[in-house]
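**Student:** Produce the complete structure using the sequences and hints provided.
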Amino acid sequence: MKISEIATVLNAELYTTNHDAETDIMSACSADLMSDVMAYSKENALLLTGLVNPQVIRTAEMMEMKAIVFVRGKKPQQAMIELAEEKRIALMSTEYPLFEASGRLYQCGIRGHGF
Amino acid sequence: MRYPGAWVLDMGQVIIRDYDIPADDFLAAGEASSAVRKLLSQLGVAPDRIKRTAIAMYEAEINAVIHGHGGKAHVEISGDRITIVISDEGPGIEDLELAMQEGYSTAPDSIREMGFGAGMGLPNMKKHADELVINTEKGKGTVVTITVYFK
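From first to last, the protein sequence lines stand for chains A and B.
Mapping to the numbering used here: the first sequence position 10 is 10, numbers consecutive.
Basically the numbering used here = 1-based index in the second sequence + 115.
Treat each hint with caution, since some may be false.
Cross-link-like lysine-lysine pairs, in silico, DSS-like; alpha carbons within 27 Å at most [stated by the list, open to error]:
no.: 1; chain 1: B; residue 1: K253; chain 2: B; residue 2: K242
no.: 2; chain 1: B; residue 1: K242; chain 2: A; residue 2: K42
no.: 3; chain 1: B; residue 1: K241; chain 2: B; residue 2: K187
no.: 4; chain 1: B; residue 1: K153; chain 2: B; residue 2: K166
no.: 5; chain 1: B; residue 1: K266; chain 2: B; residue 2: K166
no.: 6; chain 1: A; residue 1: K42; chain 2: B; residue 2: K153
no.: 7; chain 1: B; residue 1: K241; chain 2: B; residue 2: K266
no.: 8; chain 1: B; residue 1: K153; chain 2: A; residue 2: K2
no.: 9; chain 1: B; residue 1: K187; chain 2: B; residue 2: K242
no.: 10; chain 1: B; residue 1: K166; chain 2: B; residue 2: K255
no.: 11; chain 1: B; residue 1: K253; chain 2: B; residue 2: K266
no.: 12; chain 1: B; residue 1: K242; chain 2: A; residue 2: K87
no.: 13; chain 1: B; residue 1: K266; chain 2: B; residue 2: K153
no.: 14; chain 1: A; residue 1: K75; chain 2: A; residue 2: K2
no.: 15; chain 1: B; residue 1: K266; chain 2: A; residue 2: K42
no.: 16; chain 1: B; residue 1: K166; chain 2: B; residue 2: K241
no.: 17; chain 1: B; residue 1: K242; chain 2: B; residue 2: K266
no.: 18; chain 1: B; residue 1: K187; chain 2: A; residue 2: K87
no.: 19; chain 1: B; residue 1: K166; chain 2: A; residue 2: K42
no.: 20; chain 1: B; residue 1: K241; chain 2: A; residue 2: K42
no.: 21; chain 1: A; residue 1: K2; chain 2: B; residue 2: K166
no.: 22; chain 1: B; residue 1: K153; chain 2: A; residue 2: K87
no.: 23; chain 1: A; residue 1: K42; chain 2: A; residue 2: K87
no.: 24; chain 1: B; residue 1: K166; chain 2: B; residue 2: K253
no.: 25; chain 1: A; residue 1: K74; chain 2: A; residue 2: K2
no.: 26; chain 1: B; residue 1: K166; chain 2: A; residue 2: K87
Calculated from the model, a selection of chain B residues having no Cβ within reach of chain A, i.e. all distances over 10 Å [to be verified]:
no.: 27; residue: D125
no.: 28; residue: S149
no.: 29; residue: R152
no.: 30; residue: H189
no.: 31; residue: S202
no.: 32; residue: G207
no.: 33; residue: L213
no.: 34; residue: Q216
no.: 35; residue: Y219
no.: 36; residue: P223
no.: 37; residue: M235
no.: 38; residue: T251
no.: 39; residue: Y264
Since the hints were made in silico from the structure, they are not lab data.
The C-beta atom is built at its ideal place from N, Cα and C for all residues, glycine as well.
**Tutor:** Structure follows, in structure tokens:
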């Protein structure tokens with residue numbers, strides 16, 4: 001799924017413009033614990049999280065993730081948006097809670113780490 | 116673009132970089148790891164090697180910010196490997212064996228709220244580094260040396 005399609009499914013607000021709009025996101029990781037995110041290894045992935053701080057962007061950068069969705073209506077601060085623009089990571093905010101946002105994307109074919 | 120197994124530098128050539136890790140600056144925390152990730156990418160190191168390096172270094176950098184009152188990162192890249200030395204003058208690790216166990220943490224709640232401090236930092240470093248050496252002394256500080264081979 002493209003970033004814009006994900007934003008539509010989650011009725012999410014998109015905060016960044018400098019990201020790869022054509023990238024095809026196939027997998028996602030839902031976590032509030034950044035060390036759990038760093039145990040994840042899929043490429044072109046999306047991060048869903050309820051945690052809002054600059055280290056979320058850093059962690060996504062280290063993991064080469066393409067986009068971050070903040071759940072339950074949480075919004076990124078300006079410094080985070082600037083950092084994400086610099087790293088070419090898309091930032092979105094959805095009103096859905098973590099479970100529901102994850103479920104809606106799963107229904108669209110996005111998958112997790114698997115076994 | 117070079118591929119796994121290829122040397123990224125000529126024999127005997129070494130790239131050295133030094134970075135400051137500022138204390139208690141959570142916006143800057145990760146800058147050094149980010150710079151190293153970019154450098155390795157420019158050198159054409161294989162993506163999975165870059166990722167291992169970035170994760171191990173980032174965990175060590177975060178640890179220096181959280182526990183070590185900031186510190187320094189010294190990085191040496193030679194033909195077949197990267198060696199990263201992260202040093203701080205913090206309180207040291209009292210029980211290293213315990214600290215290496217998944218889930219053991221001495222981080223305060225303020226750090227847990229940042230998404231860290233779950234006791235996964237050192238285990239994650241060990242998992243992603245090819246070699247991990249930790250020298251620590253109570254009251255003096257900690258030196259973490261991470262080596263990742265490019266092939």
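**Student:** Would you pick out the hints that fail for this structure and give their numbers low to high?
**Tutor:** 10, 11, 24, 28, 29 and 37
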